[in-house]
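Novice: Residue numbers (the numbering used here), protein chains in the order written: chain E, 1 to 315; chain A, 1 to 451; chain P, 1 to 312.
No lab work stands behind these hints: they were computed from the structure. Be aware that one or more of the hints could be misleading.
[What the hints assert, rightly or not] Only pairs whose alpha carbons sit at most 20 angstroms apart, straight line, appear in this in silico DMTMM-like list of lysine to aspartate or glutamate: (1) A:Lys-328 with A:Glu-307; (2) A:Lys-328 with A:Asp-348; (3) E:Lys-308 with P:Glu-2; (4) A:Lys-203 with A:Glu-231; (5) A:Lys-156 with E:Glu-158; (6) A:Lys-172 with E:Asp-274; (7) A:Lys-203 with A:Glu-257; (8) A:Lys-392 with A:Asp-437; (9) A:Lys-421 with A:Asp-219; (10) A:Lys-421 with A:Asp-345; (11) A:Lys-156 with A:Asp-373; (12) A:Lys-94 with A:Glu-107; (13) A:Lys-392 with A:Asp-327; (14) A:Lys-251 with P:Glu-2; (15) A:Lys-202 with A:Asp-437; (16) A:Lys-156 with E:Asp-157; (17) A:Lys-94 with A:Glu-257; (18) E:Lys-308 with P:Glu-103; (19) A:Lys-251 with A:Glu-231; (20) A:Lys-172 with A:Asp-219; (21) A:Lys-156 with E:Asp-154.
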Amino acid sequence: MSSTDWRPLALHLSVIGVLIACWFLLPAYHSGNLARILVLAAYASGFNLVFGYTGLLSLGHALFFAAGLYGLGLSMHHAEVAALPAWGIGVAAAALVAATTGALALRTTGVAFMIVTLMFAQAGFLTVLYFGQWTRGDEGFVITPAARTAFGFDLADERVRYFAALALFAFTLLLVGWIVRTGFGRSLVAIRENEQRALMLGYNVQRIKWIAVIISGAVSGAAGASYALLFGYAGASFASVQYSILPLLWTLLGGAGTTLGPFVGTLVMFYLIDYASELTDAYLLLVGISLIIATLFLPHGIVGTARKRLMRWLP
Amino acid sequence: MVQPTSKSSDSSQGPATADTQATTPGSVSRRGALKTLVLGASSLAATGTLPGLGGYVQAQSAAPIRIGFQVHRTGIGAAYGRWYDRTSRAAVAKINAEGGINGRPVELIAEDDGTDPKRGAEVVEKFVNRHHCDVGFGTLFSHVVIGSSPRAGELKLPYFVVSEGHHVASGKLNRYTLQPGITDVRSQVQAMAPFVSSTLGKKVTMLYSDFAFGHDHRDFFTDAIAAQGGEVIATIPIPPTETAFTKYFPKIPRSTEVIYHVLVGPAVLTFVKEMGEFFGPSSPAIFGFIDSLEAVDIASPGLEFLEGSHFWEGHPRYAQADQSEYDKAYRKAVGVDENGASVSDSRDVSTYAHMFGCWETLHVIKAGMQACDYQGPADRAKLVEAVESIDKMPHSMEHPQGAKIFNGKTHQVFGHQYISKVEQSRLNLVHTTSIEDTFYPDEVDYTTRTL
Amino acid sequence: MEFGPHLILALLEGSVTAAVLALTAAGLAIVFGMLRVVNVAHGEFFMLGAVFAWFVTSGLSELANVPPAPAFLCALIVAPIATGAVAALADRLVLSRIGYDPERTIVATIGLLYVLQQLTLMTYGPEARPVEAPFNTRIALPWFEQGSDGWALYWPWGFGTTSYKLFVIGAAAGLLIILWLLLRHTRLGLVMRATQQDRDMASAFGIRVNRVYAMVFGLGAALAALGAVLVVPIQQAHYLMGGDPLLMSFIVVIIGGLGSVAGTVVAAIMIGLADGVVSVFFSATLAKIIATIAVALVLVFRPHGLFGRRSA
Numbered sequence: 001m002s003s004t005d006w007r008p009l010a011l012h013l014s015v016i017g018v019l020i021a022c023w024f025l026l027p028a029y030h031s032g033n034l035a036r037i038l039v040l041a042a043y044a045s046g047f048n049l050v051f052g053y054t055g056l057l058s059l060g061h062a063l064f065f066a067a068g069l070y071g072l073g074l075s076m077h078h079a080e081v082a083a084l085p086a087w088g089i090g091v092a093a094a095a096l097v098a099a100t101t102g103a104l105a106l107r108t109t110g111v112a113f114m115i116v117t118l119m120f121a122q123a124g125f126l127t128v129l130y131f132g133q134w135t136r137g138d139e140g141f142v143i144t145p146a147a148r149t150a151f152g153f154d155l156a157d158e159r160v161r162y163f164a165a166l167a168l169f170a171f172t173l174l175l176v177g178w179i180v181r182t183g184f185g186r187s188l189v190a191i192r193e194n195e196q197r198a199l200m201l202g203y204n205v206q207r208i209k210w211i212a213v214i215i216s217g218a219v220s221g222a223a224g225a226s227y228a229l230l231f232g233y234a235g236a237s238f239a240s241v242q243y244s245i246l247p248l249l250w251t252l253l254g255g256a257g258t259t260l261g262p263f264v265g266t267l268v269m270f271y272l273i274d275y276a277s278e279l280t281d282a283y284l285l286l287v288g289i290s291l292i293i294a295t296l297f298l299p300h301g302i303v304g305t306a307r308k309r310l311m312r313w314l315p
Numbered sequence: 001m002v003q004p005t006s007k008s009s010d011s012s013q014g015p016a017t018a019d020t021q022a023t024t025p026g027s028v029s030r031r032g033a034l035k036t037l038v039l040g041a042s043s044l045a046a047t048g049t050l051p052g053l054g055g056y057v058q059a060q061s062a063a064p065i066r067i068g069f070q071v072h073r074t075g076i077g078a079a080y081g082r083w084y085d086r087t088s089r090a091a092v093a094k095i096n097a098e099g100g101i102n103g104r105p106v107e108l109i110a111e112d113d114g115t116d117p118k119r120g121a122e123v124v125e126k127f128v129n130r131h132h133c134d135v136g137f138g139t140l141f142s143h144v145v146i147g148s149s150p151r152a153g154e155l156k157l158p159y160f161v162v163s164e165g166h167h168v169a170s171g172k173l174n175r176y177t178l179q180p181g182i183t184d185v186r187s188q189v190q191a192m193a194p195f196v197s198s199t200l201g202k203k204v205t206m207l208y209s210d211f212a213f214g215h216d217h218r219d220f221f222t223d224a225i226a227a228q229g230g231e232v233i234a235t236i237p238i239p240p241t242e243t244a245f246t247k248y249f250p251k252i253p254r255s256t257e258v259i260y261h262v263l264v265g266p267a268v269l270t271f272v273k274e275m276g277e278f279f280g281p282s283s284p285a286i287f288g289f290i291d292s293l294e295a296v297d298i299a300s301p302g303l304e305f306l307e308g309s310h311f312w313e314g315h316p317r318y319a320q321a322d323q324s325e326y327d328k329a330y331r332k333a334v335g336v337d338e339n340g341a342s343v344s345d346s347r348d349v350s351t352y353a354h355m356f357g358c359w360e361t362l363h364v365i366k367a368g369m370q371a372c373d374y375q376g377p378a379d380r381a382k383l384v385e386a387v388e389s390i391d392k393m394p395h396s397m398e399h400p401q402g403a404k405i406f407n408g409k410t411h412q413v414f415g416h417q418y419i420s421k422v423e424q425s426r427l428n429l430v431h432t433t434s435i436e437d438t439f440y441p442d443e444v445d446y447t448t449r450t451l
Numbered sequence: 001m002e003f004g005p006h007l008i009l010a011l012l013e014g015s016v017t018a019a020v021l022a023l024t025a026a027g028l029a030i031v032f033g034m035l036r037v038v039n040v041a042h043g044e045f046f047m048l049g050a051v052f053a054w055f056v057t058s059g060l061s062e063l064a065n066v067p068p069a070p071a072f073l074c075a076l077i078v079a080p081i082a083t084g085a086v087a088a089l090a091d092r093l094v095l096s097r098i099g100y101d102p103e104r105t106i107v108a109t110i111g112l113l114y115v116l117q118q119l120t121l122m123t124y125g126p127e128a129r130p131v132e133a134p135f136n137t138r139i140a141l142p143w144f145e146q147g148s149d150g151w152a153l154y155w156p157w158g159f160g161t162t163s164y165k166l167f168v169i170g171a172a173a174g175l176l177i178i179l180w181l182l183l184r185h186t187r188l189g190l191v192m193r194a195t196q197q198d199r200d201m202a203s204a205f206g207i208r209v210n211r212v213y214a215m216v217f218g219l220g221a222a223l224a225a226l227g228a229v230l231v232v233p234i235q236q237a238h239y240l241m242g243g244d245p246l247l248m249s250f251i252v253v254i255i256g257g258l259g260s261v262a263g264t265v266v267a268a269i270m271i272g273l274a275d276g277v278v279s280v281f282f283s284a285t286l287a288k289i290i291a292t293i294a295v296a297l298v299l300v301f302r303p304h305g306l307f308g309r310r311s312a
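Turn these sequences into a full structure, and let the hints guide you.
Specialist: Below is the structure:
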C-alpha cells in the first residue's frame, strides 16, 4: 500500500456521499434505522481500532460506551448542562475511563486482557445499578426533549438526527482511515502482527497500545453520548455485557481490521434481526444460524473477504 | 402478521410497502409486485386481487384499525409476554365480534422487543413508519417503556403501556404515553400499608430486587407504613442476577414482625424456598407482591412454606367464591381455568395479576376512539385528548378486574387492590382496598404539554 | 444473627456455589486447555443440562409415576450425556470446520448461543420450572455461647442448611475426583494430554485427533450440564440461566491459570466462598463490585492467574 494511494480516501468519501443521498432516497423507516446504525457503527469503528488494528480483544467496551452515555445523560439530567458541553463531558469521561482502565488492563495480554476488560465493564455496570438514586438503575431515565438542541437545531427532529449521526460516523470513518495510514497506525498493525518484533524495532509498544485504547474509548464514548442525546434515553442495559459483545460481533461479521467492516457488520446484523423478526417469532434462531454460516463461509468477515478475494487495496 | 395495507398515501412510503410485500409469507411475492409494475396499465385491473391494493382502493372506512403491540416474546419478560399476547388477542377477538371500533375491525400488529429498551424504541418507530399503526400498546417492563416513550412522543404515536411502573404518573414521560389499564406501583404499595400494619405487624423488613422497581417499593412503602404508625426496620436489597439467597436472611433483624418481599426474575422461586428453609417453623409474618410468583404454580415443590402468608394481587388468580360474572366471562375468554392456569395445560400458569391490564387497555382505546370518532393517524392527538377526558370506569365486561378512576392529568388509572392469603396452596382473597386508598397527590399535569 | 453463625452460614452457602462452579468451570478449562478456544456457548450447555433434567424428571414422574429420587438419578446420567452429544455435534458441524480459529470460534459460539436459547424457548418455554430434590431435610445447626454457667450449645434463629445442599457439595467433590482419575489414569486422559502437547505427533501415532477434539468439547459441555443438574433442585431451569455461570466460569478459569483443571478447581472454591463471605460485610451489589474489581486487579498483577506458570 503506497502512502499516496488515493483509493481508500475516495472510497470513504463516496460512502459518505451515498449515505447523504440515502436521506433523500430512503423512506422514513429506513432512514430512521440508518441513523441508529450509523451511531452504533461509530461505536464498532472505535472498537475496531483496538481489536482489528492493534489485535487487542477487549470484552469491556460497554464501559466506554456507557461512560459517554452517562457522562452526557447525568450532566444533562441532574446539572442541566446544555447538550454540547454535556456531549464533551461524555467523551472526556470515556477517555478518562479508558486511560485509567487501559493503563491497568494493558499490563496483561491475550485472554487475561479479555477478562480484565470484561471485569472492569461488569464493575461499571454494577456501579450504575448501585447508584440507582442518580441513574435510576436498569430503568434509566429520559433526557428532556427540550434540552436536546445544539447550534439551534432540534436533535429530536428526524433530519437533524440523521445528519448528526452521519456526521459522527463520517468523522469516525475518516479518523480511523487517517490513523491507519499514519506511522502510528502502521505501528498498531506491526504490534498486532508480531509484538516481539515491534518491541525489537524500538517501538514503545505499551505507550502505543495505551494511546490506541484511549482513542478507541473516546470514540466509543462519543457514540454512547450521541446515542443518548439523539434517542433521548439512558439506561443500564447499555452498560451490560451484551453491549461489549455486540461491537465485537459487528466487527467480526463485517471484517476486523477493515475501515468499513464495522459499518457493514452493524448494518447487516440490524436488518437481519429486523427482517427475521417479521418472518418468524424465532428470529434469534435465524440470527444464530446466520452467524454460524458467516463464520463457516466468510472467515474474514464480509469486507475482509472482499479484500482478500477482490480488492486488495481495501483499507 | 404484516399486512401490506398502506393507508398513508405519502409517496415516500412506496418502497417500504414493496419491501413489506416481498417479505410477507403468503401474501404478495416480489415477483408479483414487479410483474405488476412491468405489465403496466393493462393489468392494473388484476391488482384488485392483491389484498393490499384492493383494500386500499375500496373503502377507507373498512380498513382495520392497526394496533402496534410491543410484546416481550424473548428476553427476561418472555413469560409475561406470552400471557399479554394471549389476553390481547382475546380482547381483540371480543372487540371485533362486537363490531370493531367505529365500524372497523381491529388488527394487532405484534413486534417482539426482546425486553430491551433499545429494541423497544426501534419497534415504536417500526409501528409508525413501516406498519402505519394507529397506536402503540402493551409494553410491560419499565425500562422498555422509558426507552421507547421518547420516540413515541416525538413521532406523536399514542402509546398505551401496561407496565404498573410509576414512570407515567411521575411526569417523566410525555403527553403521548398513557397507562389507563393498570394501576401503578406507588398506589399499589401505599394501599398495602394499612392492612400490613393492622393485621400483620408494625416492624417490617423489606427484601427487594436492587433495581428501580424494588427501590420504588422501598421508598413508597417506607413512607406509607410510617403514616400508619409502623416502621421499616431493615432494607435488604438483592442484586437482580442473584441465584442464591440464604446468605441474605441473617441480615433480617430478630425483632422483625413482617417480612415484605418483592423480587422479579427467574430465581424468585429459589428465594421463597430458601426463605422457608431458613426460618423453618418459626417465621415472622410474610407479605409479598405476587410479581415474585407470577406464572409460577403456588403448589410447586418447595413452596409449601408459603402456607399462611399474604400476597398483593392485581387480580385474584384463583376464582373466588364471590367471583363476579365479569371475571368468569373474562377467564373463559382468555382461556384461564379457576386456578389461574391455561385451560389446555394446567401447568401453564398465567400472569393473572397483570394481564387484565391488556384487556382493559384495549377497551379504553376503543372507548377513546369512539368518543373522538377516530378515523386515522391524523386523529391521534384527538384520541389522546379523548382518553384524557375519561374519568370513571365501572366494573364491567370492559373492566373485569374492578371499577377504576382515570386521572387525565397524570395519565394514570387508579383502582382496587387485592390481598390474598395462601391456604392449602391456593390464594384466597382476604381484603380489597378502596380506590381512594390508592390516591396520592398529582405529580404532573400532562394536559398542559403540547400535543 | 450473630457474627459467628452468620459467617458459617455464608461459608456453607459459598461452598454450594463453589461446588457447582468448580464442575462448570472445569468443563470450560478442559476445552480451553485442549482446543485453545473460548466457548461463549458454555453457559448454554449449563442451561441445557438443567432443562434436560426437568424433562427427564417431570416426564418420568408423569408418565411412569417414578418417585423424585430415582428420577433425579436418571437425570444425573441422561442430561450430561445428552448435552455432551449436542456439544460434540456442534463441534463436528461447526468448530472443526473453522479449524478452531479463536476469533471465528467466538462468533460461531455466539451463534450457537442464540440457537440453543431460542430452541429452548420454543420447546421448553419462558417459565422458570422447578425440579424436585431427591431428598431435602432442613438441618438446624447448633452454636455455642458463653452463658452464666459456662459454654452452652444453642440453636440460633435461622441457622441451618439442608441435606440436599450438603449432598451437592459432596457429589461435586466426588465427581471432580473421578474427573481427575479419568484425566490422569486412563487411556482417554493419556490420549487427551498427548494431543494437547503435540497434535501432529499424536496424529502420527494414530490418534484420531478430530474425534478427540469432539470428545473433549462434549466432555466440557457435559461437566457444565452436571453442575446444572446438581443445582437445579435448588435453583430452577430457565432458558436465560446460562449468563451468570458463563461469566463466573470465565473468571475462574483465568484466575486458575488458563486451562489447568486443578488451578480452576482451587479458584472456584476461592471465588465461591468469597462470594458468600463478602456478602456478610457489604451490601450485595457493592460486594459484587468489589469482587469484580478484585478479580481484575489480581489478573493485572498476576497476569497468568494465581496458579499459572509464566510460560502458560
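Novice: Take the hints in turn and mark each one as holding or not.
Specialist: Taking the hints in turn, this is what the structure says about them:
no.	hint	verdict
1	A:Lys-328 with A:Glu-307	26 angstroms, violated
2	A:Lys-328 with A:Asp-348	19 angstroms, holds
3	E:Lys-308 with P:Glu-2	67 angstroms, violated
4	A:Lys-203 with A:Glu-231	5 angstroms, holds
5	A:Lys-156 with E:Glu-158	13 angstroms, holds
6	A:Lys-172 with E:Asp-274	29 angstroms, violated
7	A:Lys-203 with A:Glu-257	5 angstroms, holds
8	A:Lys-392 with A:Asp-437	16 angstroms, holds
9	A:Lys-421 with A:Asp-219	25 angstroms, violated
10	A:Lys-421 with A:Asp-345	25 angstroms, violated
11	A:Lys-156 with A:Asp-373	18 angstroms, holds
12	A:Lys-94 with A:Glu-107	12 angstroms, holds
13	A:Lys-392 with A:Asp-327	19 angstroms, holds
14	A:Lys-251 with P:Glu-2	9 angstroms, holds
15	A:Lys-202 with A:Asp-437	19 angstroms, holds
16	A:Lys-156 with E:Asp-157	12 angstroms, holds
17	A:Lys-94 with A:Glu-257	46 angstroms, violated
18	E:Lys-308 with P:Glu-103	17 angstroms, holds
19	A:Lys-251 with A:Glu-231	17 angstroms, holds
20	A:Lys-172 with A:Asp-219	17 angstroms, holds
21	A:Lys-156 with E:Asp-154	16 angstroms, holds
Hints 1, 3, 6, 9, 10 and 17, counting from the list given before, are not met by this structure.
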